[in-house]
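The task is simple: from the sequences and hints, build the whole structure.
First residue of the sequence shown: 18, per the working numbering; consecutive thereafter.
Calculated directly from the structure, the hints in this document are not laboratory data. Do not take every clue at face value.
[As the list claims (entries may be wrong)] With beta-carbon atoms standing in for the labels, derived distance ranges:
no., residue 1, residue 2, range
1, Gln27, Ala122, 43 to 53 Å
2, Met22, Leu107, 15 to 25 Å
3, Gly120, His94, 30 to 40 Å
4, Leu107, Ile86, 11 to 21 Å
5, Leu69, Leu26, 25 to 35 Å
6, Phe98, Pro135, 36 to 46 Å
7, Ser88, Gly120, 39 to 49 Å
8, Ser80, Glu131, 40 to 50 Å
9, Leu117, Ser31, 45 to 55 Å
10, Thr70, Ala122, 46 to 56 Å
Glycine included, C-beta positions come from ideal geometry on N, C-alpha and C.
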Amino acid sequence: AQRMMGSALQAIRSASPSQRKRADIKESLNLALAQMLVSSIPQESFGYSSPLTATTLQNGDDSASNAIISSFSSDSHFLVFSQKETEAILQRDAEDAEKLAAGIAKAVAKGVLEANPPVEATFKVDV
18 AQRMMGSALQ AIRSASPSQR KRADIKESLN LALAQMLVSS IPQESFGYSS PLTATTLQNG
78 DDSASNAIIS SFSSDSHFLV FSQKETEAIL QRDAEDAEKL AAGIAKAVAK GVLEANPPVE
138 ATFKVDV
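Rendered as structure tokens:
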């Protein structure tokens, strides 16, 4: 929170008093958080970044995503938008998990699924 506050205050101080609305303050904090998140991820985590070309975009694969992320990693609008998208995805995942748990509980109650099914041995896969 302290690091976010420092970055946000720096952005707010550079704005005129009329621009210092509550929404701008929250956006400054969101931007500071997004920048902290991006800077905490090693660039090599994204793999090789292809140049941002029409061909790269047409491929529509992970190299296109990585090229876009690399190209816009310092763009404040991209950072704020990507943070909001991440928050929305996490919210949907949480909602889906609740619905899945309720569905499994109903299936167990009806006897369709075992409450404690046997689990095969598991192992980690490094990808």
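Here is how each hint holds up against the structure:
{"no.": "1", "hint": "Gln27 <-> Ala122: 43 to 53 Å", "in the structure": "holds (49 Å)"}
{"no.": "2", "hint": "Met22 <-> Leu107: 15 to 25 Å", "in the structure": "holds (23 Å)"}
{"no.": "3", "hint": "Gly120 <-> His94: 30 to 40 Å", "in the structure": "holds (39 Å)"}
{"no.": "4", "hint": "Leu107 <-> Ile86: 11 to 21 Å", "in the structure": "holds (18 Å)"}
{"no.": "5", "hint": "Leu69 <-> Leu26: 25 to 35 Å", "in the structure": "holds (33 Å)"}
{"no.": "6", "hint": "Phe98 <-> Pro135: 36 to 46 Å", "in the structure": "holds (45 Å)"}
{"no.": "7", "hint": "Ser88 <-> Gly120: 39 to 49 Å", "in the structure": "holds (41 Å)"}
{"no.": "8", "hint": "Ser80 <-> Glu131: 40 to 50 Å", "in the structure": "holds (43 Å)"}
{"no.": "9", "hint": "Leu117 <-> Ser31: 45 to 55 Å", "in the structure": "holds (46 Å)"}
{"no.": "10", "hint": "Thr70 <-> Ala122: 46 to 56 Å", "in the structure": "holds (50 Å)"}
In summary, the structure agrees with every hint in the numbered list given earlier.
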